[in-house]
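Undergrad: For reference, the chains in residue letters:
There are 2 protein chains.
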Amino acid sequence: MNDAAFTHGSCKKCDTCAIHQRSFCRAASDEVLNELSRISHLREYEKGQVIVAQGDDAEIVGNVVSGIVKLTNMSMSGQQNIVGLLFPSDFFGRAFSDESRFSYEAATDVTLCCMSRHAFETFVVRHPEVEHELLLTILDELDATREWTAMTSCHTTMQRVATFLFILSRRSDGVFCDPSSRTRLPRPIIALPIGRRDIAAYLGTTPETLSRNIQTLVRQNIIRSLDTNHFEVVDMPGLIDRTGETREDLESMSGAEPLR
Amino acid sequence: MNDAAFTHGSCKKCDTCAIHQRSFCRAASDEVLNELSRISHLREYEKGQVIVAQGDDAEIVGNVVSGIVKLTNMSMSGQQNIVGLLFPSDFFGRAFSDESRFSYEAATDVTLCCMSRHAFETFVVRHPEVEHELLLTILDELDATREWTAMTSCHTTMQRVATFLFILSRRSDGVFCDPSSRTRLPRPIIALPIGRRDIAAYLGTTPETLSRNIQTLVRQNIIRSLDTNHFEVVDMPGLIDRTGETREDLESMSGAEPLR
DNA sequence: CGCTCATTTGACAGAAATCAAAAGCGGTGG
DNA sequence: CCACCGCTTTTGATTTCTGTCAAATGAGCG
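From first to last, the protein sequence lines are chains A and B. First residue of the first sequence: 1, per the numbering used here; consecutive thereafter. First residue of the second sequence: 261, per the numbering used here; consecutive thereafter.
Since the hints were made in silico from the structure, they are not lab data. Yeah, the Cβ is synthetic: ideal placement off N, Cα and C, and Gly gets one too. Hints are not guaranteed to be accurate.
[As the list claims (entries may be wrong)] Here are a few chain A residues that sit away from chain B, every Cβ distance over 12 Å (derived from the structure): (1) Q80; (2) R101; (3) D140; (4) E147; (5) R160; (6) I194.
[Unchecked claim] Chain B regions said to be covered by chain A (calculated; three or more residues, Cβ under 8 Å): (7) 455-467; (8) 478-491.
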């Protein structure tokens, strides 16, 4: 699409950006991208750092470049709920609102392409084609969130666990940025990006129940444990079977994504 | 905001539209609204009619004017999952996508302000200020959906039932369109817009468990049964108490809304 | 090595799903 | 008007699953 942006050296930072082709900025022309690059800056956060706190002024927005960001909601009782996970190329922060209804926290060490919310807002209003692309992104996000809602509301814990693992097996190869480097492994690897406590919260269960379900899958030779956070899918049909979904539905989920 | 649109007679259909002030079209100027009115038309659907089917070409988009639309997702097992409910002023249909990932179905008799998806898409691209307003709408929708996700993943069934009833008590008076006609009833009425089976699916439980929880609330004098689908809230603090949320959180949910 | 924290495992109580049946509601046709 | 039928909702009895509490094991680190 933006071949020019790659052959010319209009914006080094963005040209070499791993997610450029997958985030809303792909709609920007060379010069617009240049402008965008002037208001954005890469920033690293260590695992556990809070990027935007719930109820905060939400002054930062941007894209996840590498690592995983977790989106959380603190409930009255003080319990932290995982509302979603943001992967590379996903948009984070709450544009056009004075406060964020959720917290954004680094689930792993992350690199973010950050912009001041104000600067971003005036930028997109001046560039409708970029705002349009952002709208498409958010619409996909909404679909994905609703699909996840559908998933969680009628499925057993085992089905949710299996679905989660399936999706991670599609995401974990770091394959989402550069399609050409995609090497189809015969035995997909599942890399758990976050701790059991967070996964459990995301799946609406407890670490104990999650652990039991995972161990059950291991005993049934569906997956094999490599280390605490890595598993190998031994029996993919068996895993899909336990999700209670068709392979097609799962594929569509892992593309646009509930977990994003 | 658009006083001119109301004092002038630029567009009779839109001027008298109950939801005009609350939907994305409020961003349109007189002449733009006029243009919009030329591509839109009111249409009635009877309860149970499918407006857009899952996987369909999704050729229609628009706003809910009156009644309630249910958003459903058919899972592999053939079970119908309720993903959300759309109330008056909510946007329905999937813009900018060739197929809808969900079905839109009339949960009650509804009136919709319909547009051809294609006409709508070219329209908003020509009018960035309207597309911007649409983006704001979708961002709110996304927040609301995530908040609902947070709700369902960590709460007991009773808390989900209480929250659902609370939200309906705020929506059921048909009060969401014209703030001036808002008559605060001392005893809010809850009108269940859909059957128990659907509500149960939406809340991630079964009709039996749902029924038991409702009957428990009746026995505890929190609500009083008028007929099968109507209840009166006798003890609002008690109801709020059983949601496990603060009143503030509930208000924000019923405004922007998980159920939308 | 000893510390802390995360994960796994076990035992048990409570909640919800399931199975089964009764009651309520709305329509149809005699 | 009433009896019958199909459907939804409610209620009851039972089983299964999951959350909770508690303890053991394992991983990372100074």
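Undergrad: If a hint holds in the structure, say so; if it does not, say that too.
TA: Against the structure, the hints:
Non-interface call for Q80/A relative to chain B: violated, since the shortest CB-CB distance, roughly 9 Å, does not exceed 12 Å. Chain B draws R101/A into its interface by the beta-carbon criterion, the shortest separation being 5 Å against a cut-off of 12 Å. Its beta-carbon lying about 8 Å from the closest one in chain B, D140/A breaks the requirement of being farther than 12 Å from that chain. The beta carbon of E147/A sits about 7 Å from the closest Cβ of chain B, which is not more than 12 Å, so the claim that it is off the interface is violated.
Not every Cβ of chain B is farther than 12 Å from the Cβ of R160/A; the closest lies at roughly 10 Å, contradicting the non-interface assignment. Distance check for I194/A against chain B: the nearest CB is about 15 Å away, which clears 12 Å, and the non-interface claim stands. For the stretch 455-467 of chain B, the proposed coverage by chain A is satisfied: 4 residues have a C-beta within less than 8 Å of a C-beta in that chain, meeting the threshold of three. Restraint check on the stretch 478-491 of chain B versus chain A: 0 residues with Cβ-Cβ distances below 8 Å, three needed, restraint violated.
In this structure, the earlier hints numbered 1, 2, 3, 4, 5 and 8 are contradicted, and the remaining ones agree with it.
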